[in-house]
Amino acid sequence: MTSLLFLWEISLVLCGIGLACLLALIVARLFSTHSADARREARREILPLLLEDGGYAGQLRGMELDVATALTMELAEMTAGSERSAMLARASALGVPGHLERQMHSRSAQTRLTAVETLALFDECGRQARAALDDDNADVRLGAALAIARRDDAPPPAVMVEKLRVGSEERSLLLVSLMSDLAERDPGAVAAILFEKDMPYDAKVAATDALSRTGSEYAPLLATMAAAASGESDLQPRIFRALGRTGHPAGRASILEGLHSDEWPVRASASEAAGRAVLVDAAERLGELLGDENWWVRFRAGEALLRLGPRGIAVLRVAGDSDVPVARLSAEAILAEGRAA
Amino acid sequence: MSPALPIDWADWMVACAEAIALVVIVTGLLQTAFYFVQLVYAGAALAGRPPVPRSATLWRRYSEQAPAISVLAPAYNEELNIVESTRSLLALQYPDFEVIVINDGSKDATLQRLIDAYGLARVDRFVDGAVAHADIRGFYASPDVPRLLVVDKENGGKADALNAGINCCRTSLFCAIDADSILESDALLRVIRPFIDDPHLTIAAGGTIRIANGCRVDSGRIVGIGLPRSFLALVQIVEYLRAFLMARLGLSRMQALTVISGAFGLFKRRHVVEVGGYSHATVGEDMELVIKLHRLMRDRGQEYRIDFIAEPVCWTECPDSLQILSRQRARWQRGALECFAKHKDMLFNRKYGRIGFVGFGQILLVDVVGPLIEVLGYALIPLLWALGLLALPWLLAFLAITFTLGLFLSMATLVLEEIQLRRFPRARELAVLAAVAVLENFGYRQLSNFWRLQGWWQWMRKKQNWGTMTRKGFATSGG
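Residue numbers (the numbering used here), protein chains in the order written: chain A, 1 to 341; chain B, 1 to 479.
Please keep in mind that the hints were generated in silico from the structure rather than gathered at the bench. Nothing here was measured: the structure is a model prediction, and the numbers come from that model. Certain hints may be false.
Just a sample of chain B residues kept apart from chain A, beta carbon distances all over 10 Å, derived [unchecked claim]:
#: 1; residue: R87
#: 2; residue: A134
#: 3; residue: R137
#: 4; residue: G276
#: 5; residue: G361
#: 6; residue: M460
Derived list of chain B stretches under chain A, where covered just means 3 residues or more per stretch with a C-beta under 8 Å from a C-beta of chain A [as the list claims (entries may be wrong)]:
#: 7; segment: 145 to 153
#: 8; segment: 298 to 311
Here a beta-carbon is modelled for each residue, glycine too, at the ideal position from N, C-alpha and C.
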């Protein structure tokens, strides 16, 4: 074969593949349009079976079962409590859990993820849903963990952390949601993560955030962590924000210390925490921070002073007459903005 | 009869012809090979992170941890659409966001329209001075619309307006958009994904830009997707699909993305401030910002990610007249050349890793030498053939392969569109776009390269102006 002929043949092959792809696309689209009509019709018929008692139609099959499964997923997102439980019982009678189990072997990660999220809602399907924690796809594993975390038979947090490969593969902010859900059921188990020496840093940060949302019980622990995290400019601000959220006096010493940090993100988050925790002791230091070199620190300090009420406003007024131009301008701007708000 | 050429002169001409043909062919092959690599990576990106089809699912998964975002919308003389555009921004589905409309010294009633429509009053705002911009005249807000802040400033251009927005925003993330574009309502929720999945690494992410010509728009929302009648608009739809669903998706997977479109990008404010914000006096400020971010992180030796997400869509109006399109393309070319020249030390520099080799290599191949070589080929190869220095069968074979490779890539992009976005409601539209992908090779492609050459010329002459970009407005598009 000559080079010239080879070039022509390559052209023909490419042209053929391109046209075949297009043809396949169009044919597939025509089929999917046709099947979409059929599915729409099926949805109209199946929706009452899921929403109302007395419409039981026995186990569904084929496209109808597929539609019922998709509808179950959608309805589960829109319902809660007894309404959802009743809908799931009807779906169970239609054979939806079995179909979801089969979907968990799908090649599409998105299908597996949606399947496990829905499957975890069925009381009897905990074991099958837990199997997805070993899925190859990180999104599916995390989705499964989030779905299972709301169940009574959820694995302990440490097991979840290990299965999700937190720290090496998984760093998502959704870990905070996961820890929050786990903490609702067993806050002690989540708090235990903080004491585990070999626990990944990301798991500890997520646990810290989650615990701050459960109330002030863990504030002393967070305060200790804030002190221990000195020098870690990513971690410390998150701990301070968490401390601010609890508003607990146990965080006072740590927050005051944070206001003197060399790192501006730490000073800014400590200022924010001081405001949220209404730490009147911090007013003088916050007044000094109005002249900070970093705008975020000045802003957070000003915002915190406004939150402190009359004491903070008095400090802002004093700063408004300051000889330091940056502090004066910050105070004036914050006071003006506060008045406008 | 002309006298015979001396032997050495004829040999020299043949050697020249062969060399030119070789350069044109090798460049074309390199370009095509690179496109194929992008295609493979784009496919891998889709397989690795599948789309989330339903907004409700997305909300359930991501809303709890979604960080606050400031949406920055610079507006200049937008009195006709500004109220509607702002309304559509305020209606975005996202748990915590603020819309900052920056009136960039409009000469029309843009500001007054906003004040009247939303009952705004002058307010004070404590703003940062981290990045440079023209003076701010005032801030406007209303307790009835707590998510909206309008910044009125002296005119300074889009980059300047965005810098003002950066100074005014108080969230760790900001989303830069064009006020005359339409964001799909779940676009923020979709584009936030890499910032949630990799919070410590992701510093910027961009979404897909699509052409709204031919779509039905109502109250600042796309309510019906259709194709325009104009061939120019159709061909741009194919171009945008190729650029976003193949090139940017592939480059993002390679972690070598050098452009996040100015019409829709999400950035970590802190890093953008560290690089000095958007550059003034450039027409490629969006591209340059991304390159500056790469440079910052590489210089510091810090790990980072700059991602492209195909699912969030921002709809924009494209030019449907040759004159305006030519200006736009020449300007894009100038922007790419400006960025390349400004950061040329990054090219093939080991310090900049994939950005130096893949990202800048791509700019060199596609944006810098691409149009020059292609136009050179168009001019010289037929000439050389006419002189009998190139064989017709080879010429035709290379033309055929160039054409079919382009066609194949366009078809592959349509496949990606069908898998990833599936925004066209009917099969007929796919067929029309496929036909356009074939037709664009005859005339449009050559014209487009000529415009890019004009961009080259303007850049060499250091032309700075933007050129008028007239838009008809969404109210008139439709079908």
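(request) Taking the numbered hints from earlier one at a time, note which ones the structure violates and give those numbers from smallest to largest. (result) 7, 8
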